[in-house]
Amino acid sequence: MQNAIVIGSGISGMACALRLAEAGVSVSLVSPFPSERSQSVMAAGGINAVLQDPVPGDSVTCHIEDTLKSGRGLSGREAVSGLCGRADEIISYLEKIGTVFSVDKTGAPVRRAFGGQSYRRTCYCGASTGKQIVSALVMEVRRYEAAGIIKRRMWSCFHSALIREGICYGVLLFDETTGGLEAEYADAVVIATGGQNALFGKTTGSTQCDGYTAGKLFMQGAELKNLEFIQYHPTTMETAQKRMLISEAARGEGGRLFYYEEAARSAGEGSAENLSSRKRVYFLEDEFGPRGNLMTRDIISRRIFTCGRDVYLDISFLDQRLIAERLPEVQDLCRKYKGIDVTREPIPVAPSVHFFMGGLAVHLDHETNIRNLFAVGECASMYHGANRLGGNSLLAAMYSGWVAAEEIAGRERPGARPDFTAMQEEETRLLLKKRESKSAFPVMYIRDMVAETMNKDLGISRDEEKLEKGIADVDYYLSIADKLSYDPNVMPYFNYSLTGILTLARAVLTCAKERKESRGAHFRSDYPEADERFAASSIISYQGGRYQVRLDKGHSYE
Amino acid sequence: MKVKILRQQAPFTESYWETFDADVPGDMSVAALIDYLNYRDDIVDENGKKTTRIGWECSCLQGVCGSCAMVINDVPALACETFVKDMSGDVLTIRPLRKFPVIHDLVVDRSQIQENLKQTDVCIGEYQPDFSKDEKKSKKEHALQYMIAKCLKCGLCLEVCPNYVNGKTFYGALFANDCYLVASRNKEKAVGISTQYAEHFGSACSKSLSCMDVCPMKIPTIAAMAAMNRG
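First to last, the sequence lines map onto chains A and R.
Counting in this note's numbering, the first sequence runs from 99 upward without gaps.
Counting in this note's numbering, the second sequence runs from -3 upward without gaps.
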């Protein structure tokens, strides 16, 4: 193929664009903002790789097994083998383009231990791995921009894909500078738009990742997979602006989670004096023993949720120097946003939505069920199954970008392109028509309502009744969204994206309702055990307003 | 508290001030404050007159993406880590960065930053460090490279700079830092990049170093300058 459009310029989008460019395929890299603003910069932990000189005992096979185990049988061995098998090559590449890894005396990347892994195999860049990788990729993309092979297109938002008879020929983009819709055609389109945080309002992630693109493509015929698997991070701190993630490293260094025993009724609730005199219950250590605080994210999140009390993370007993050296970002965040001195007082924490294992269903080469339409990074569902291993998301972002690019570069160009002028004119007319009707309804109000529904009815612990209520609520928002007129108070994007976001929310709830078992990150209080009959990925499709869920037992995708 | 915001509906329309009442807790950041004003059924000014929601850019809301750079009480800063309690006076003034064209309200077009880096070929290409340096020095340089690669390209250093006008000739602190990153990580490019550095930074920087005061990542630009000047 000769040209491609990549939607999204985070790590996965850039990795894909670069590999395409190296193969001589020209790329249009589309995003409203530059790569520095992407959610990728927030990934702190690291990137897993079994290098040429692994820690004694470790091997690529072991990395594969750890990943499959964490995915609870839902991720395919072939896909995961590819991912882990090329991790070493990915680290070499990132070194080559100048990523500032944390290194030893010889200049080789050092590795650290991470949750759920048998050996020390997580490469990292201080406390800002994602940001450091973004910086290196931006420079490398710049080289190809200067050569004219990659063209960045800013201030442009995805509107819809140009699809005819199951083949994708390009996209319609909303241009914020002109306020109009523009068609862009290419031999292939790659979606790299990240997760769906905004469905849940304020999470640990970027406000830019709202799931609209996946929702819209779903409405246009693309299938989605494993949407019910959403990773909650157990230790996040509430602030006025968002939920701040308190790194797992805090527990890794010895941090303890606890709650206070019920106070006697006479004692004034909540006052600091009263709290400090109350007995602490280290509920994880009580249940799981001394290493209880190091249990996996899903288990801890569930325990915090079920205990029904305010939970705290205590690191104040750790050596002050150790805190300053190894947990500086935890210390900074707490001081800056909550005025908490972590060397003296515990941090109030609660679980929050953090990562989406599900997304667009893709084949091994990252093509969706629509020909020449690919998806990479967090918006695609492939390697993480029912639960993701820490340090595997950056790896999958890079790897999936490469896989899609290599497939596209090796393919024949598609045949003659059908005419999409009529569709573009119709969509433009609809957009303008909406803009003309100035009866303001608050789009943001509906976005808030859906976030409330999702948090309440699709939380850490789910059941049939809540999910059905959630579905009814979202169906109601959907029914009014179409009748609502334009909100001139917010950007056009927020207006036209509403239905796609709501449709995705409905799909997520539907998948969660259909999976009548508990597995990985999906926990049903009415079906608390894993059930072998559900040991397959769920695939959801959409046709004329109907949502159809099936279990992919025949492995049609991987 | 009064919040006074310099607004502008579109790129080439007139800007105007609008004032809002906001009674918010001091531990709120300016980002949370703008959200507070925006996320109500209606948004009204101090006289109760209905107005449009305030346009601004945000992504991470925790100081690592650079989206929400703006000028708060005359100081260029990230809204997400500037707190109401640290502001003096009864009126909080917010306006967009002045050194970039306004798109809408507090949203500005900072693409000049990327354009300049592209035109001057600021990219590492292939990592080829200078192995002749001793361990202590390498370690120090590695630490500086790490800090510089954290640059958000938010533009605060350019906003405050007395020498940066519109990025046509003088490219500012973020450019100088990235030049160092390239020169120190690929010795083959050191000479070429030094020429660009001299032309677009070294020759015109008056060393006020105000860039370092406002940098959200606390990048020690002076260290990069020292290294570049040593060659």
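The hints are simulated quantities; they were obtained by calculation from the structure and are not laboratory data.
Quantities reported herein were computed from a predicted structural model and do not represent experimental measurements.
There could be a bad hint or two in this list.
Quick list of simulated restraints, FRET-style, between CB atoms [unchecked claim]:
1. R:R94 - A:R533: 26 to 34 Å
2. A:G246 - R:S199: 28 to 36 Å
3. R:D37 - A:E187: 51 to 59 Å
4. R:E122 - A:D439: 42 to 50 Å
Computed cross-link-like contacts, SDA-like style, restricted to lysine to any residue with a CA-CA straight-line distance of at most 25 Å [what the hints assert, rightly or not]:
5. R:K132 - A:G205
6. R:K136 - A:Y191
7. R:K114 - A:A121
8. R:K133 - A:S200
For glycine and all other residues, C-beta sits at the position ideal for the given N, C-alpha and C.
Here is how each hint holds up against the structure:
no.	hint	verdict
1	R:R94 - A:R533: 26 to 34 Å	holds, 31 Å
2	A:G246 - R:S199: 28 to 36 Å	holds, 30 Å
3	R:D37 - A:E187: 51 to 59 Å	holds, 53 Å
4	R:E122 - A:D439: 42 to 50 Å	holds, 45 Å
5	R:K132 - A:G205	holds, 13 Å
6	R:K136 - A:Y191	holds, 24 Å
7	R:K114 - A:A121	holds, 21 Å
8	R:K133 - A:S200	holds, 16 Å
The structure shown violates none of the earlier numbered hints.
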